[in-house]
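Protein chains: 2
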Amino acid sequence: MAIILILGAGAMGSAFSFPPADLGHEVMLVGTHLDQEIIRELKKSGIHPKLKMKLPDQVQVFSHEELGAAMICQPDVIILGVSSAGVAWAVQALGPLLEQPVPILLLTKGLAVEEDRLMILPQFVAGGLHGFGIGQFTIGAVGGPCIAGELAARRDTSVTIAYPDREKFYWLNSLFKAPYYHIHYTTDLAGLEICAAMKNFYALAVGYPSGYLDMTDQLQNKAQMHNLSAGLFTQSIKEMAMLADWMEGTSENVYGLAGIGDLYVTCQDGRNSRMGKLLGSGMTYSTAKKEKMPDDTVEGAELALKIGPLLEHLFQKEILDKKKYPLARIIIDAICHDALMQIPWALF
Amino acid sequence: MAIILILGAGAMGSAFSFPPADLGHEVMLVGTHLDQEIIRELKKSGIHPKLKMKLPDQVQVFSHEELGAAMICQPDVIILGVSSAGVAWAVQALGPLLEQPVPILLLTKGLAVEEDRLMILPQFVAGGLHGFGIGQFTIGAVGGPCIAGELAARRDTSVTIAYPDREKFYWLNSLFKAPYYHIHYTTDLAGLEICAAMKNFYALAVGYPSGYLDMTDQLQNKAQMHNLSAGLFTQSIKEMAMLADWMEGTSENVYGLAGIGDLYVTCQDGRNSRMGKLLGSGMTYSTAKKEKMPDDTVEGAELALKIGPLLEHLFQKEILDKKKYPLARIIIDAICHDALMQIPWALF
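Heads up: the sequence lines are chains A and B, in that order. Throughout, the numbering used here is defined as the position within the first sequence, counted from one, plus 115. Throughout, the numbering used here is defined as the position within the second sequence, counted from one, plus 115.
Same shape as in the complex, but just chain A (with noise of 0.2 Å):
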């Protein structure tokens, strides 16, 4: 029996704890300061209040103030189920409490910039980690399509999980292995964790079309513009897949579960494509996020904003080609410059 300790309660992070739980192992949900609401729900009631799903008894509930608690036992593995902009203040808030490296997995799906660089989340978590002197830390991730409340109401789902050592992998995998969780193994963290962080925002793409709909005419036979978002589907993940080859990573999961898979869940509903729909009617995205979506975090677009700037700085420089990445672009003038949404058809 294993010690794995979930940071960030959110539906993501509370979610995962279900396989190792019902494998019967120790599961500890630590909450950051965002999730005290939550928290304070788990420990009264123990259902989840965005999950709305009781979690298994062997989860044991921590708030942020707590973590030091939970630290005590050294868990045997950590998984980082915070927000993107939590991946900074987890990694100051563990690196004090950790006394040897220990594997670590990201459910957190997002990128960082440094200076010119992209860089994938694991290697900043590794790189922020470097600095306390424990040790070599080996971080993976896990991508493909896992909508939460999903994973939480044990339906079949199937992700990937990159994880540099294989043969702690073999470990790892004996730990979440449900029979409704299905795992594939990756060595290509790169590309993984670029599917992970850009499906959020190409789904504001492919949710466009329903709201561009919705300001059309409607003709006599209801014709919707489901051609309109495979497209806009098809260019996403062709714009991924060089993405991920420009940060070395493969194709292998572009066209596996973590890219077209996570994607097309991604796509069925959800904030990222919801937002998309408010820019496709017409909405700029500042008011779109202000009136309609003012509480929920767009992955998709805190992403956009991030490295959006990097990403025309790279076209800029002809460092990209800014010619094979007409939907990133659109994308980028939506959500950092605010501009009206529209998909121009020269540039595909």
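Below, computed lysine-lysine pairings styled on DSBU-like, alpha-carbon distance capped at 30 Å:
| no. | chain 1 | residue 1 | chain 2 | residue 2 |
| --- | --- | --- | --- | --- |
| 1 | B | K165 | A | K337 |
| 2 | B | K404 | B | K167 |
| 3 | B | K353 | A | K292 |
| 4 | A | K404 | B | K337 |
| 5 | B | K421 | B | K165 |
| 6 | B | K439 | A | K292 |
| 7 | A | K283 | B | K438 |
| 8 | A | K438 | B | K292 |
| 9 | A | K337 | B | K159 |
| 10 | A | K439 | B | K292 |
| 11 | A | K407 | A | K167 |
| 12 | A | K438 | B | K283 |
| 13 | B | K404 | B | K437 |
| 14 | B | K405 | A | K337 |
| 15 | A | K421 | A | K439 |
| 16 | A | K353 | B | K353 |
| 17 | A | K337 | B | K292 |
| 18 | B | K292 | B | K169 |
| 19 | B | K167 | A | K337 |
| 20 | A | K404 | A | K438 |
| 21 | A | K405 | A | K167 |
| 22 | A | K439 | B | K353 |
| 23 | A | K337 | B | K407 |
| 24 | B | K353 | A | K283 |
| 25 | B | K158 | A | K337 |
| 26 | B | K421 | B | K432 |
| 27 | A | K165 | B | K337 |
| 28 | A | K292 | A | K159 |
| 29 | B | K438 | A | K353 |
| 30 | A | K292 | B | K438 |
| 31 | B | K437 | A | K292 |
| 32 | A | K421 | A | K432 |
| 33 | B | K337 | A | K407 |
| 34 | B | K165 | B | K404 |
| 35 | A | K167 | B | K337 |
Stretch by stretch, here's where chain A covers chain B in the computed footprint (C-beta under 8 Å, at least three residues):
| no. | region |
| --- | --- |
| 36 | 164-170 |
| 37 | 370-378 |
Keep in mind the hints are simulated off the structure, nothing from the lab. Think of the CB as a built atom: it goes at the ideal place given N, C-alpha and C, for glycine as much as any other residue.
Starting from the known structure of chain A, fit chain B onto it as the hints suggest.
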């Protein structure tokens, strides 16, 4: 101005009349013997009963008995828009009326079986026309996400055309590139055709979870089964890529509009995913077809019935590795052997 003849007045063939007609070319739409009702309505009102749109004025409509009259002017290009079951008839109907080779483009999605070989339809058509001693035909195909009703509504649509003669393609492109119809070019005809056919086949599996969900206890958090659909979507693409490779195509189109794009659009709604949903709800194929979809052509099922025995033979002879095609086997079992469709995760 060119003369374009479209044979087959179903939704797809008729929708394809819009781009060339809008560009000012002369379009002749000829029905098959199954299109009599459609042709009658078109001649009367100009409105296509399935597309529910009025065809452009330039489109001249002919019943199947008038094919000879339509062919008198020897069109510059022939479009085959028949169903997969109608291709053999189309070859026999056209052969005697052709005086010289003319470019042919297939809209039809399907595959042919010849002894123990899988054959793409352009090859089948070329072989069939060869017997008429007219000369060598160059035959291409159109793939990509294109819901017919949306094309008829002039919604933005991106497709891929494979045509072995690149110079001739530029001319063909000029006939069809209406402002809303965005054409990409590929030399990979085999890969494109595998995608076009198999996306209907695999959509049966991607539609399954929706029906399976209906038979499952609804949970308090109302979790759907999108994770499962996304996993099946991903596995479908994986198997399509292997089949394309086996047929000496590439994966270019599998990861492009004809593969992921068209599978994506096919899974939005449509007969194949509707049949998949019925299978997921616990019905056998024969019951579902007879009781729920008696008048619908479910192309994915038609394809399964046609190529299922051959694929099983190839698995048995180990010409194809059956361990790599678990989803194809599940679909063939359900459609060809009327087995209850079940997704055994151990197979993935």
